[in-house]
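With chain A fixed as given, assemble chains B and C onto it according to the hints.
Listed below are the residues making up each chain.
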Amino acid sequence: MASAATADVTKQSAAPGWGQRFFSLARTLLRRPSHALGTLISLLFLVIAIIGPLLAPYGANEQIVADARDGPSAAHWFGVDTLGRDVYSRVLLGTRDIFTLAGIGTLLAVLIGTSLGLLSGYRGGWFDELLMRFFDSVLALPALLLALLLLGTLGPSRQSVLFVIVIVYIPIVARVVRSVVLSVKTRSYIEAARVQGESSARILFREILPAVLPALAVEAALRFSYAIFLASSLGFLGVGVQPPSPEWGLMVNEARDAVSQTPWALYFPAAAISLLVISVNLLADGLKHVFQMDGER
Amino acid sequence: MASPLLQLQQLAVSYKVGRRTLDALRDVDLSIDAGQTYGLVGESGSGKSTLALAAMRYLPANGFIRSGSIMFGDKDLAKLSPEEMRARWGRQIGFVPQNPATALNPSVRVGDQIREALRLYSRDESDVMEILKQMRIADPARVARQYPHQLSGGMQQRMLISMALSGNPHLLVLDEPTTALDVTTEAAILDLLRGAQQMLNTAMLYVTHNLGVVATLTDRVAVLYAGELAEDAPTKELFRQPLHPYTRGLLDSVPRLGQRKDVNRLRGIVGQIPALGETIDACVFAPRCPLAIEICWQKRPTLDAPTPDRTVRCHRWPEIMAGDISPSRAVEKSSQVTKQAANQVLQVDGLQVAYKMPGGTLQAVRGVDVQATSGRTLGVVGESGSGKSSLARAVIGLVEPSEGKIDLLGIQLPKRLTRRNRVVLSHLQMVFQNPEEALNPHLTVGESLSRPLITLRGVKPADAKAQVGELLAAVRLPADYADRLPSQLSGGEKQRVAIARAFASQPELLLADEPVSALDVSVQAAILNLLADLQIEHQTSMLFIAHDIAVVGYLADEIAVMYLGQIMQTSPAETIFDAPYHPYTEALLSSVPPPDPFVKQERIRLEGELPSAVNPPNGCPFHTRCPRFLGDICVEQKPPWRETEDGKRIFCHIPLEDLLRDQTDVLQFEGAKKS
Amino acid sequence: MTAYILRRLAFLGLTMLLTSLLIFVITQLLPGDVCRVILGREVGENALEACRLDLGLDQPAPVRYFTWLGDFLTGNWGNSYSTDAEIRPLVMERLGNSLMLAGFTMLVGVPIAIGLGVIAALNEGKAIDNGISLGALAVVGLPEFVTGILLIEILAFRLGLPANSSIRETATFAEAFPSLILPALTATFVLLAYVARLTRAGVIEELKQAYVRTAELKGLPRRTVIWRHVLRNAMLPTITVVAISFGWLISGLVVIENVFNYPGLGRLMVFAISRRDLPLLQAISLITVLGFALANLVADLLYAALNPRIRIGS
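Protein chains in written order, with the working numbering: chain A, 1110 to 1406; chain B, 123 to 797; chain C, 1257 to 1570.
There could be a bad hint or two in this list.
Covered by chain B, according to a simulated footprint, are these stretches of chain C (three or more residues, beta-carbon under 8 Å) [what the hints assert, rightly or not]: (1) 1307-1318; (2) 1450-1459; (3) 1487-1498; (4) 1559-1568.
Read the hints as simulated data drawn from the structure, not as lab findings.
Each residue gets a CB set at the ideal place from its N, CA and C atoms; glycine is no exception.
One chain only, chain A, in its complex shape (with noise of 0.2 Å):
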């Protein structure tokens, strides 16, 4: 053999840092406008969660009983309702409640159900065979039906919403964290691995693991954006979040009786549910695109 010579050194020499792939990642992300709109919108409204209560003038349930009915005006952004509550700060500090509850929902499911996952997607056999057969007969409830059963037995609260939420999602992450370490677990490098005596939990961690994360933050994305669909239709139908929070589809239920009064109080938090969840879903699509799965379905 010749030498070191064999190997030519044309490629750059060391491997990107953290910092420089999370770059390089989040500049194609915001190359297409759409995503990059999606994305910063996402982004605003975190913001709001986080600091909402500072910006808005009002409290949630502070009734300017004289200005009830107002229009939208420099006094009232986005007007006040019938109750004499300004819709503009309930639009602002319901975002936090849509936040923790679709967000630590979707947390939660996405937390055990790449668990169940992994585990099942590794391990196979008995475990495996049981848990899908299980997850095929939650599947088999649209999600909204199992939802709504799940209200009508545990009643309608922010904690009941909130458990929905994980139960419902949990088998559509753990099936979609499966067939990833299905299709990871027969590559040449995890049978090297075994070969290796690595323990399945390093294998599990460190070996797979990485390979499902890019597929996981688009499924998370989209639990997100189905999370806070989700709430919101509980809260219209008034099975969900209970009054007087201002939860935005809680809000746009109490709104439509008096729609011909104050259409305002039902168009801006109809509207802010949209833009997040639109907004979201254009997320899903960008990290989709980031991770080039735009193939997939």
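The following block gives chains B and C in isolation, referenced to the frame of chain A:
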């Protein structure tokens, strides 16, 4: 000579990727005469597929012809409208794709797919049967009614060839049509193409990376490198005296049947092909050329014509042609360690591997005995479905055998991987087929290499770093590669790292499952030599699995030929090419196209399809296709093992004397070329 | 093929069994005493005991499950806790209404959605595709109650369509039709976006396949390549998409029925929940799941019948 059928003039093709424009072909001149068989060879990234598609004016959406012309008859295809092209596709230019499994519409019967073409070309639909008969299909009516998924790869490819020929095109473009097929099937397809070519006088542009196919099939060859035409000559002249150092390098990289690692080393080519879009204002091959001199780095060579019917793009062809300099790389000396007494490392007895499937149990390995000794290589060769990979995977513990015994250094191994302790694991390591998934893309090379040191050799993580450097040096990679991610490595480099990882635990037995089949030939040679060197240095025993008998013959000391889960023949590597053979080995050897147009080869072809491993034949597994089928005894009884004086063992009912009488050496070398 | 059908049927049976168990378990999780919910707080211990006996709550859970399932299968669905009405006729009537709405939506929405998806895919990356894709993405993001309310605002008052779709029990389809339009339009919007997106992805995937190149290089006209080769294969996964979208539609209908006061199963379900009417809730859930599962089964069988790789094993 009449005017050429297809003439590419100064053709340049580029791809738009993002905002960049990448050149795939630069100034390619090439002309094909009517009825000529034209080979186009090149490694991956050479632009050969782009050239094939450009010749038909069928480029991907982001590809475009930047300049030059594609004269087909008196029309420049580059200037025709899409409709005018459509009128030529099928009728004047036919196409046979690389992967037959995906190239047929899965939901339309194959007969209907051919009929659709016939209708389009205003031919009688009933011609289907006749066409299929010409393709030597035994039961055309039944086959025509089937869907693509019901056919084997070879049959699917016959359907595609039928379709391509049904418009009686003047030119047939074939893009690696046999690469996805086994050699015995490939041989039959090549025969068909030869026959069709003679009958219809169709010109063929045959794109391949396989020098053997080029040598046996074509009249003329063009060698493509990094989007440029390196050399173009009549086939025999090209093989007799290549004028471009790259062509020489390619020829020196492919093991010939009978070439051996210790006698006549493969030379290979250093470095790797430039990436698409690298702009080079000099000779594109200079970085890898053993003859590169100053001018090669400064000025792009012109395309010259040393003789009226050949061209070459090299500054130094006059010296090469005159024999003043040799473009062959200097032979590297193989590591020669005084051979120690070989002791037995692996002993496998009666191994069976079965997989449960919806339709029954697939018997992948059906009673195999093999031995491997230290410092020596047992090569296992076989076509797909022979069970060779399952054998390796059972030994390493990735699948659990249903029957049989595996002894390592005289100690019986637990069948299940999780029951094997660290010592056993460290003694058994494996190199896998696909370099692209050999390394975890999320771990640096250093991390990947330090793991076996830590888990199997008990090295402290802090000390592992230094040893990683040693491992990299052993596979001829610089130490700073430890900080790289696999995505920053070429295919060959990834495979080197995978080999280093396998040697990290200093195994007694290394299993290599097709470690070079996914690599280009120039890289393949270096990897084979590396494996040979490391093995001798470490006195490791190796089980080397491959489908390419020339590669196995080059690297192995002992060869086992597998068919349908059983071993048909074992022999010392030196004598595998000499009669007597097992009839299957004979057919295999006569199917491999030798990369040498001067070799005479017996022509033995296998009839029928590989039987299902779910329901394998009784008696001799080969009896359904054996050209030397004896009769009932082959169907009913398991054959005996027959041993020859030179150490071959043949699993066959035919007595050795009869085999010796009926068989001659499949390959007849001209003169004393055989080494 | 027969084996395949039998396997699918067995699978359906198993899933239904597990899902019914799931429904039963969930509804039995109810904290507190069912009888107290039914009879109210002011009732004495004796009455409660009688009620428990009456409902069979003294039995162990497995017995109650099988009794309930058996009763359900034999058509004995019991009476509603809250209205004491017989459940079966009530559910059946509402089911009919919901099916009318769903059928109307699928019939109108699916062909349009597939058409849009195909058009977008064939023009991938062009303005028309970007328009359809972004539009679909936006509509997917609009909750049904928002779409519904917007449509009421925009259309109902202008075209004089009823925004409140209470239909009489005896209404014929023609009579009910005007009240169907707005809810169906809302549902169509949702379905349209969902199915169009998936169809587009399917066709784009199919366009990349090698057999498309084979067909093109045969010299076939572009429309033959698209119709006979690409769409023929792309429609297979679309069948599955439509089946899944049916589940999506069920969820959407619950909301839509409540927006328009449409007397379907979805509104009945919300009513049942607000009254904690367990037998009614169970019956509605089970019948809905059965409908969804049957839709999936039909899709599976249709897929198999049209796909030679399943119809004829290799």
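Next item on the list: Against the structure, test the hints numbered earlier, and report the numbers of the ones violated in rising order.
Entry: Violated: hints 1 and 2.
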